[in-house]
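Chemist: No gaps in the numbering here: position 1 of the sequence shown is 1 in the numbering used here, and each next residue is one more.
Everything labelled a hint here was simulated from the structure, so no lab data went into it.
Just to be clear, a hint being listed does not mean it is correct.
As the list claims (entries may be wrong) - Ranges of calculated distance between the beta carbons of each label pair, as one might list FRET restraints: (1) Thr76 / Gly2: 36 to 44 Å; (2) Gly91 / Arg13: 16 to 24 Å; (3) Glu64 / Val124: 31 to 39 Å; (4) Glu45 / Pro69: 32 to 40 Å; (5) Ile4 / Glu46: 27 to 35 Å; (6) Leu123 / Glu88: 20 to 28 Å; (7) Gly111 / Gly10: 17 to 25 Å; (8) Gly116 / Ile4: 21 to 29 Å.
Note that CB positions come from ideal geometry on N, CA and C, so glycine has one too.
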Amino acid sequence: MGTIELVGAGGIRIVGDDRGDPDAVPVVLLHGGGQTRHSWQGTAEELASRGWRALTLDARGHGESDWAPEGEYMLTSFATDVQTAIEEVTGERPFLVGASLGGSTALLLAGEMTPGIARGVVLVDV
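Could you put the whole structure together from the sequences, leaning on the hints where they help?
Modeler: See below:
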């Protein structure tokens, strides 16, 4: 638990924070455009304190995650990065909570690209 790094679409380094019981049901929190994983810090801490596993990610080009050298910021790339995090970090179907860009990413991933990847999707200001 703590800070994590993984390789997203196109080799981009994605940075996140993993909180709570590693065996608990995961919730992946996705921030809006121009924000960072720290936007969800209070929520993630509260979720972890209530028995959930909370994963916050810096989207590509945000926070500590790498910028895409080829300017690859298509929504599918954001969604593929999240899919990689789900597969490599949580190992099970999470709940996805996304604000703005993060919500659009969750919608695309769970609704079109990989139906069934999430237990549920919560959209905030999308």
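Chemist: Taking the hints in turn, state whether each one holds.
Modeler: Comparing the hints with the structure gives:
Between Thr76 and Gly2 the Cβ separation comes to about 29 Å, which falls outside the hinted range of 36 to 44 Å. For Gly91 and Arg13, the hinted distance range of 16 to 24 Å is satisfied, since their beta carbons lie about 20 Å from each other. Glu64 and Val124 have their C-beta atoms about 22 Å apart, which leaves the hinted 31 to 39 Å range violated. Here the CB-CB span from Glu45 to Pro69 is close to 34 Å, well matched to the stated 32 to 40 Å.
Take Ile4 and Glu46: their Cβ atoms lie about 20 Å apart, and the range 27 to 35 Å is violated. The hinted window of 20 to 28 Å between Leu123 and Glu88 holds, with their beta carbons roughly 24 Å apart. Taking the beta carbon of each, Gly111 and Gly10 are about 23 Å apart, inside 17 to 25 Å as hinted. For the hinted restraint 21 to 29 Å between Gly116 and Ile4, the CB-CB distance of approximately 24 Å keeps it satisfied.
The structure is inconsistent with the numbered hints 1, 3 and 5, although it conforms to all the rest.
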